[in-house]
Amino acid sequence: MSFYEVLTIIIPSTLLTAAPLIFTSLGGVFSERSGVVNIGLEGLMWVGAFTGAIATLFLQQAGLGQASPWIAILIAAIAGGLFSLIHAVVSISFHADQTVSGVALNFLAQGLTIYLVKMIYNGQGQTPYIANNIDKISIPVLHNIPIIGPIFFQQVTYTSYLAILASFVVWYVLFKTPFGLRLRSVGEHPEAADTLGISVTKMRYIGVMLSGVMGGIGGAVYLVTITSNFNISTIAGQGFLALAAMIFGKWHPIGAMLGSLFFGFAQSLSITSQQIPYLDRLPSVILLIAPYVLTLIVLTGFVGRAEAPKADGIPYFKGQR
Amino acid sequence: MTLLIPLVSVLLGLLCGAVIMIAGGYNPLLAYGSIIQSIFLQPYYAGETIRAMIPLVLSGLAVAFAFRTGLFNIGVEGQLMVGWLASVACAIELDGPPKFILLPLSIIAGGVAGGLWGYLPGLLKAKFKVHEVISTIMMNYIALYLTASLIRNFLYTQGERTPTIPSSASLASNFLANLTQGSRLHWGFIVAIIAVVVMWFILWRTTLGFELRSVGFSPDASRYAGMNVGRNIVLSMVISGIFAGLAGAMEGLGTYQYMMINSSFTGIGFNGIAVALLGMNTPIGVVLAGALFAGLQTGGLTMQAVAGVPTDLIQVVIALIIFFVGSSYVIKWAWLRLSRRGHQS
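Going line by line, the protein sequences match chains W and H. Residue 1 is where the first sequence starts when you use my numbering, and the numbers rise one by one after that. Residue 1001 is where the second sequence starts when you use my numbering, and the numbers rise one by one after that.
Take these hints with a grain of salt, some might be off.
Just the calculated beta-carbon pair ranges, DEER-fashion [unchecked claim]: (1) H:L1338 / W:S93: 35 to 43 Å; (2) H:I1190 / W:S93: 54 to 62 Å; (3) W:S93 / H:T1206: 50 to 58 Å; (4) H:L1003 / W:P283: 45 to 53 Å; (5) H:I1202 / W:T177: 38 to 46 Å; (6) W:G125 / H:F1201: 28 to 36 Å; (7) H:T1206 / W:K318: 35 to 43 Å.
FYI, nobody ran anything at the bench for these hints, they're computed from the structure. Each residue gets a CB set at the ideal place from its N, CA and C atoms; glycine is no exception.
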C-alpha cells in the first residue's frame, strides 16, 4: 500500500472524528475565556447526542427526511445551551467551585439522558438507530481535483468543513469584535472589566451558554455522523478529549481546532490502523492511550507553556478588589 | 451550620428527584418507600448496601484526603481500576502461600498500584505546575484502556474477564453471606473501617497531617513557614491514590473475585467525589455520605422493581445533591436571611 493510499484512508477518517471535538472544544474556549472552567463539556455532549437522536427520530417520522439530522443539530444546540444554564447559575451566581459544578453536570447529564431514554423506550437503555444520518459523501466537483481531491473531498461529511469554518468564526468573534474583547477581559481581569462597566456576570453567562450551544452541536454531530444511536457508551470520553484539545490549543480557537484535528487523527488511527502496514503490528492500546499521554506531555511544558486565562476558575464577587 | 448544609442538600436533592418522578408519571412516595423498606427490612439489601459502601467510603476518603490538602483528585476512578487489577493479578500470579500472607499482599498490591497512579499527577503538579484536575482525567483514560489491554493479553479467561482469584486471597465469607441471606457482603468492611481511622489519625494526629492541611489551607503561608510544598503535594496524591487503589482491591478480592474488561468507567471513583463533598471531607462525614449513596444505589434496584422508576434516577439525585452542596454559599445566605427575619418578628 502506497503512502498516498494511506492518506486517502486516514485524512477523511480524521476529518470525520475531529468534527464533534472541534465544535465542543470551541465551546470550551468560550467558557474558559470568560473565566469559567468547564469540566462539564462531556455532559453537554451527552445532552447534545441524546437530543440529536430523539429529535432526528421524531423529525424523520414527521416526514422531513434528509433534513432531519440537520434540524436535530440545531435543536441539540438549544438543548445544550439550556442545560449549560445549570452550570452557569451554580458556578457564577451561586459561587460554587467550578470544577465541582462541572463534575456534577456530567453526572446529571449521564443520569438524566439514560433515565429519559428508558422512560421513552419502555425500559430499553438505547434509542433505535436513526435512518437519516449525515452520510459520508464525495463533495461534487472538488473530489475530482487530482491528488488532493481523494484525500480531502472523498468520503467526508459537510459537518467537518463547517466545524473548521466555525473555528475561524469563533476566532474572529473573540479577537476582532468588541464583544470578544469584553468576554476575554472578564476572563483575564474581572475587576478591571467591572470598573469599566462590563457586567462580569452577564459576560460569563454568555460564555458558559455558548459552550453549551457548541457542546450540544458537538454531541449531536457525533451522533448523526458516527454512532447513529444513543446509549450509555455513545459519548465515552469525547467531551474530555475536547477539553484536552482546548488545552492543547492553548485556549485559542484555531489552536483548539488543530488540537481536535490531532486527536481526531489519533482516534482514527486506532480505528484504521488494521488497514495500514506497520501500524497494524502495533498493540491497539498504544494508539488508544496516545491522545491522553500526549496531553500530559504537552501540559508539562515540553511543547511550550500552556497558559489559561488568568481568572479562569475563580468565582467573582462584585466589589472584591 | 456544618450539619445543615449536607442535610438541606440531601433533602433538596431528594425533593428534585421526586419532582422528576412525578413528571415522568411515577409515584415518588412508593419509590422512596421501597428503598427504605428494602434496606431496613430485608437482610439481603442491608448486606448489599454495606458491601456497596466499602469501595464508596474508600474512594470518598481518597477524594476527601486530597481535598483537605487543596487538591482535587478526579483520578480516583483510574487509581481504583489499576488497584483492582493489581490486587487480582497479585492474587492469581502468586497463588501458593497461605491466606495470612497472600491476602494482605494482594491488598497491598492494590494500594501500591493506586498510589503510583496518584504519584504521577502529584509529581506533574509539584514539578511542572500541571493542574491535577486535567492530569488525573487523562490518567483515568490511560488506566481504563491499559487495564483492559493487560487483562486481554495476560490474564484473560472466557467471559471478558480475568480468572477467578484463589480462595486464599479472597475476602468473601460464607458466614457474612449467610447472615445476610446471600448478599455479597465480605470482610472488606474491616479494611474500610481501618482506612477511616487511618485518615483521621494522619490528618489530625501527626505532624505530616498538620503540614498537609496547612498546605491545603494556604500554600504560600506554608512555604513561608519552611514547609516543602511540592513534597506535600506529591505525598498527598500518593496517599489519596492508595485509598483509591484499596477501593479497587475490595472490588477485586471481595465483591467480584475477578476483574472484568471495562469498556467504560465503574463510576465508583466519581461517586467518591460526591461522597467526599457531602461528607464535608471529614472521615465520619464520608462514612455517613457513603452509607446514604450506597443505600440509594442498592435500594434503587427495588425502586425499579416496585415503582418502575429507572435506577438511573439515583445518579440524577446524587448529581443534584452535589450541585446543592456546591452552592452552599446560597444555602448559608438563605438561612441567615430566614433566621434574621425570625429574630425580628
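Now the hints, each set against the structure:
{"no.": "1", "hint": "H:L1338 / W:S93: 35 to 43 Å", "result": "19 Å, violated"}
{"no.": "2", "hint": "H:I1190 / W:S93: 54 to 62 Å", "result": "45 Å, violated"}
{"no.": "3", "hint": "W:S93 / H:T1206: 50 to 58 Å", "result": "40 Å, violated"}
{"no.": "4", "hint": "H:L1003 / W:P283: 45 to 53 Å", "result": "52 Å, holds"}
{"no.": "5", "hint": "H:I1202 / W:T177: 38 to 46 Å", "result": "53 Å, violated"}
{"no.": "6", "hint": "W:G125 / H:F1201: 28 to 36 Å", "result": "44 Å, violated"}
{"no.": "7", "hint": "H:T1206 / W:K318: 35 to 43 Å", "result": "41 Å, holds"}
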